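The whole structure should be built from the sequences, with the hints applied where relevant.
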Amino acid sequence: EVQLVESGGALVQPGGSLRLSCVASGFTFTSYSMNWVRQAPGKGLEWISYIPTSGTRTWYPDSVKGRFTISRDNAKNSLYLQMNSVRVEDTAVYYCARDVNYSLDYWGQGARVTVSS
Amino acid sequence: QSALTQPASVSGSPGQSITISCTGTNSDVGNYDRVSWYQQHPGKAPKLMIYEVSQRPSGVSDRFSGSKSGNTASLTISGLQAEDEADYYCCSYGRGGSWVFGGGTTLTV
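Protein sequence lines correspond, in order, to chains A and B. Count along the first sequence starting at 1, add 18, and that's the number in the numbering used here. Count along the second sequence starting at 1, add 214, and that's the number in the numbering used here.
Careful: at least some of the hints might be erroneous.
As the list claims (entries may be wrong) - As a list, the in silico DSS-like pairs of lysine-lysine whose alpha-carbon atoms are at most 25 angstroms apart:
id, chain 1, residue 1, chain 2, residue 2
1, A, K61, B, K261
2, B, K261, B, K282
3, A, K83, A, K61
4, B, K282, A, K83
The hints are simulated quantities; they were obtained by calculation from the structure and are not laboratory data. Nothing here was measured: the structure is a model prediction, and the numbers come from that model.
Structure representation (C-alpha cells):
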C-alpha cells in the first residue's frame, strides 16, 4: 500500500524557519518525481515545489522561490521542504504528493504549519 | 502563473449530470494535455479523479469523465450521488516546468 506520511508541522514566528519531512512507503521511491502542495485555511490548493527522481533540478512558483527548498534522500525514502523566512501567508496544510504522468496520484495526510507571532 | 478559472459552486440532484469547467491559457491548459482533476472532501487529502485530460485512475468510477477544448478543460459527473458532494480542483502543467491549480468548485448534491 502506497503511503506518504508528513511530519514537522508547527507554529513558527514570521521570519523563522521550519523543515517538513515526508516518508514514503509501499512503492519504489527512486522511480517517482515528487511535489509539495499547500492549502491555506478555507482556500484552494497551491503547488509549491517539484523535484524529479534524480533531485538534480527543482521548480518553484514565485510565491516561495528563494525561500523554500525541496530536496530528497532516496536512501531514506524521504522528501523534505526547507522553509525559510516564513510569512503569515505561508500558514497552510502542506501535502507531499507523488507525481505520475504530470498528475498527483497519491497524497499524504498533510502537515499543518502556522506562522504567527 | 495565474490560477485556472473554475466556477465557485455547482449543484445538481441525485441522478443528474453536472459539468465543471476549468479555463486556463495557451501557456497551460491549451498547450498541454496534462490536465488533472482532484476531489477533496472536508478535512481530507485530495484524491486524483482524472489525469491527462480524460484518463481515469484505477478505482475511479466511470461516472467521472474529462475533456478539453482549446484553453478550457471540463469534468463531467454523471448519475450524481450524495457521496460526490465535495470540492473539485483542476490542475494543469504549464510552460517552464510548473503546475497551476484552479480555485476550486464546491459541488452540492
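Hints, verified against the model:
no.	hint	in the structure
1	A:K61 - B:K261	17 angstroms, holds
2	B:K261 - B:K282	20 angstroms, holds
3	A:K83 - A:K61	21 angstroms, holds
4	B:K282 - A:K83	31 angstroms, violated
Checked against the numbered hints above, the structure violates only hint 4.
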